[in-house]
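Those sequence lines, one after another, are chains G and C.
Positions in the first sequence are counted from 1; adding 115 to them yields my numbering.
Positions in the second sequence are counted from 1; adding 115 to them yields my numbering.
Quick caveat, the hints were computed from the structure, so don't treat them as lab data.
Be aware that one or more of the hints could be misleading.
Heads up, the list lumps identical chains together, so a pair's fine if it works in one copy or across two of them.
Unchecked claim - In silico DSS-like cross-links for lysine-lysine, where the CA-CA straight-line distance does not exceed 25 Å:
(1) K289 to K519
(2) K506 to K187
(3) K477 to K149
(4) K202 to K149
(5) K515 to K287
(6) K386 to K468
(7) K479 to K293
There are 2 protein chains.
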Amino acid sequence: MEQYKVEKSSVLLTNIFANRVDRMKSSDIRELLKLISADVISFTGGAPDPDAFPSPDDLRDAVEYILANRDKAFQYGITDGLPGLRKSLIDFMYRQISIKADLPNVLITIGSQEGLEIVGRLFINQGDKVAVGLPTYLAALQAFNLWRPKYIGIPVDDNGLNTVILEEMVRKHKNTKKPIKFVYVVPTGQNPTGTIMSLDRRKHLLEIASKYDLFIVEDDPYGFITFRDDIPPRIKALDEEDRVIYLSTFSKIFAPGIRLGWVVANETLIKQMSLAIQAINLCPPNFNQYMVKYFLDNRLIDRNIPRIREIYRVKRDAMLSAMDEYMPKEVTYHRPDAGFFVFAYLPDYIDAKKLLYFAIEKEKVAFVPGRSFYVDGSGYNTMRLSYSLPKPRVIVEGIKRLAKVIRNSLMR
Amino acid sequence: MEQYKVEKSSVLLTNIFANRVDRMKSSDIRELLKLISADVISFTGGAPDPDAFPSPDDLRDAVEYILANRDKAFQYGITDGLPGLRKSLIDFMYRQISIKADLPNVLITIGSQEGLEIVGRLFINQGDKVAVGLPTYLAALQAFNLWRPKYIGIPVDDNGLNTVILEEMVRKHKNTKKPIKFVYVVPTGQNPTGTIMSLDRRKHLLEIASKYDLFIVEDDPYGFITFRDDIPPRIKALDEEDRVIYLSTFSKIFAPGIRLGWVVANETLIKQMSLAIQAINLCPPNFNQYMVKYFLDNRLIDRNIPRIREIYRVKRDAMLSAMDEYMPKEVTYHRPDAGFFVFAYLPDYIDAKKLLYFAIEKEKVAFVPGRSFYVDGSGYNTMRLSYSLPKPRVIVEGIKRLAKVIRNSLMR
Chain G
116 MEQYKVEKSS
126 VLLTNIFANR
136 VDRMKSSDIR
146 ELLKLISADV
156 ISFTGGAPDP
166 DAFPSPDDLR
176 DAVEYILANR
186 DKAFQYGITD
196 GLPGLRKSLI
206 DFMYRQISIK
216 ADLPNVLITI
226 GSQEGLEIVG
236 RLFINQGDKV
246 AVGLPTYLAA
256 LQAFNLWRPK
266 YIGIPVDDNG
276 LNTVILEEMV
286 RKHKNTKKPI
296 KFVYVVPTGQ
306 NPTGTIMSLD
316 RRKHLLEIAS
326 KYDLFIVEDD
336 PYGFITFRDD
346 IPPRIKALDE
356 EDRVIYLSTF
366 SKIFAPGIRL
376 GWVVANETLI
386 KQMSLAIQAI
396 NLCPPNFNQY
406 MVKYFLDNRL
416 IDRNIPRIRE
426 IYRVKRDAML
436 SAMDEYMPKE
446 VTYHRPDAGF
456 FVFAYLPDYI
466 DAKKLLYFAI
476 EKEKVAFVPG
486 RSFYVDGSGY
496 NTMRLSYSLP
506 KPRVIVEGIK
516 RLAKVIRNSL
526 MR
Chain C
116 MEQYKVEKSS
126 VLLTNIFANR
136 VDRMKSSDIR
146 ELLKLISADV
156 ISFTGGAPDP
166 DAFPSPDDLR
176 DAVEYILANR
186 DKAFQYGITD
196 GLPGLRKSLI
206 DFMYRQISIK
216 ADLPNVLITI
226 GSQEGLEIVG
236 RLFINQGDKV
246 AVGLPTYLAA
256 LQAFNLWRPK
266 YIGIPVDDNG
276 LNTVILEEMV
286 RKHKNTKKPI
296 KFVYVVPTGQ
306 NPTGTIMSLD
316 RRKHLLEIAS
326 KYDLFIVEDD
336 PYGFITFRDD
346 IPPRIKALDE
356 EDRVIYLSTF
366 SKIFAPGIRL
376 GWVVANETLI
386 KQMSLAIQAI
396 NLCPPNFNQY
406 MVKYFLDNRL
416 IDRNIPRIRE
426 IYRVKRDAML
436 SAMDEYMPKE
446 VTYHRPDAGF
456 FVFAYLPDYI
466 DAKKLLYFAI
476 EKEKVAFVPG
486 RSFYVDGSGY
496 NTMRLSYSLP
506 KPRVIVEGIK
516 RLAKVIRNSL
526 MR
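In isolation and in its complexed conformation, chain G is listed as follows (with noise of 0.2 Å):
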């Protein structure tokens, strides 16, 4: 590229914007993110190992089969997204996590992130009320934040959302002006935590929503990486009542590469959520849709889920077991049970965001401080830790750095 230097006078439109755009900030992570180089060792991102990716022989294979619908793979697609792929999702739903459906309660979106996005449009006015865990996805509160909800915390421990605390909080607010609208929730595989939560908690979370006349958001990006036998049924497949909104993705068990993801939910919800997307880009992708309906229909990715939980059980087994041996006893941490991450408590007295900045520094090494992940404004003592881009031997050789800079801040 030749550089071609822009001058202008530079009117610069500052005081053009709407009044909205601060709650359009970037995250404090995002802005720290851009201290680290090469030669540090990230457990940041949420980034899929590429050993996980899609063979080249399998992509050739499917960019045959796209060729060969060449017409409608090049051309606009329906806002709902391509029938046929949502009917390989569909059986593919079925036959993995029991999750019933008709083409009529299935939109492919731009990721799941899309799907959240498009919750915050249509169910969240100012003020409203969304129970969500402590932690919590941090994107899917940047997602909503631009309605301005008003958000009620609830803890997360091992057994994923305690759905008692919940009930006493949407006890709590039934009678205010703004009793709790829906609840955020990421039951298998959590965002941060990597717990599970319990049969138990989910049959009481829908009765909680039956009870009280709530609705679910039931986000799975990682219910496929899982590192057990025992896993309950997904929330949305205990639904009796239709009150859950299922969102999940292709970029864990595909590849967020082609930015696929989907939303199972009511009909009429989803007739809206498609006018929703219309404004928003028109419609997903048909050249990817038809690659990930190849891959489907020739259960290639069925086949390759064992495989992919296989490279992420490692890694997560690399990363436990260097903490076990190498983390100060002050640190706690939970057992992921699914997912990408380890999320670890500090002693109190310890600002992981200021810890970062050592850890870069002078370690090499980059996690993500858990407090964006807390609606509370808590959580400054904690750590996301994600195993799974780096190699099983970097993850040991990160964690060992990472204890240094956690036991000198511990003697301070």
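Please arrange chain C on chain G, whose structure you already have, making use of the hints.
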């Protein structure tokens, strides 16, 4: 697919929508178009001709290039878009349309529709005044409507948006509580009229923007599909004060099925746009971006543009000469110099929407009633006829049928 019966007690969540949902209505057009069966000749959508799509052999080569970059192509990307693609695009814009930009001025979007979505989200407060053509592109209005602007309609004639009237309106609203904030314009192949804004008016528009401190949104999906030689420079290429937000798309010069578009603007605006996209869908698909980069770097898009122009020129000519021959003299229309559409005016006692029912039911031909393109409630006697998809002989047959419907309605 097996059909999974979804048996739910269906408490049906009808009262859960946010109060902005009434601004996300399906357009009349889309509802009407559901009536279209396979035997109807359709002049409705703006779908490209598949003959204009990339060739299978080039695509296979592109896939090998993508596979050589597999670890990145399948991975999450940068919210602003793949830097390599943005560099290739900067070169492309410079050689094709004399727009100068640096990397921080360019953002990749999901079609140019996502550019429109972001413009609305970032710049429109409730009641903000936005000047648009009479008529103007329907889906831009749909994207903006969510934020409740007040539209100021400015007539469009064969030389594009009338900037003399624009200046009058800008002056009139200047000292009100809400002056006109920006002008949305499709100067090169206006949708729906197909007109090209004259150079004088482009310069005048920039003068107005400078004098009254407005900004300009230049939407350019059809700027490469032109049918005469003396196309004036893009407004962005004349923009000395960085007042233009330029939007375009690969949908017409490559394929809509990959859903990629782009924005060129001041760096400060691009940064804020990028934050908005983070919350909407994280990032555009890397896979698709590598694909387009391959086609740009090998000049395959440049080489294809003259061929694509010829495809649509032949179709435009087929439609115009059929209209000249068969349409009653009461029907007038623009002779498009660019784009996919002929826009026609019926006698003012004819409602094009009512006509559409007869056209579909009796004569098996469909078009888009023009009223939705008018922000002032006028245009009920107008129609948009797309020639992009049907074969030339089908276009002629469709125009014959449509002329018959119109002749019949003239006699009523």
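Hints, one by one, checked against the model:
Proximity of K289 and K519 under a CA criterion of 25 Å is satisfied in neither setting, with 48 Å inside one chain copy and 63 Å between copies. In this homomeric assembly, K506 and K187 come within 25 Å of each other (Cα to Cα) only across copies, at 17 Å, whereas the closest approach inside a single copy is 40 Å. With identical chains, the CA atoms of K477 and K149 are at most 25 Å apart within one copy only, with a shortest distance of 16 Å there and 63 Å across copies. In the homo-oligomer, the alpha carbons of K202 and K149 lie at most 25 Å apart only across protomers (21 Å), although the nearest pairing inside one protomer, at 41 Å, exceeds that limit.
In this homomeric assembly, K515 and K287 never come within 25 Å of each other (Cα to Cα): the closest approach is 45 Å inside a single copy and 68 Å across copies. In the homo-oligomer, the alpha carbons of K386 and K468 lie at most 25 Å apart only across protomers (24 Å), although the nearest pairing inside one protomer, at 42 Å, exceeds that limit. Neither within a single protomer nor between protomers do K479 and K293 lie at most 25 Å apart by alpha-carbon distance, with minima of 47 Å and 52 Å respectively.
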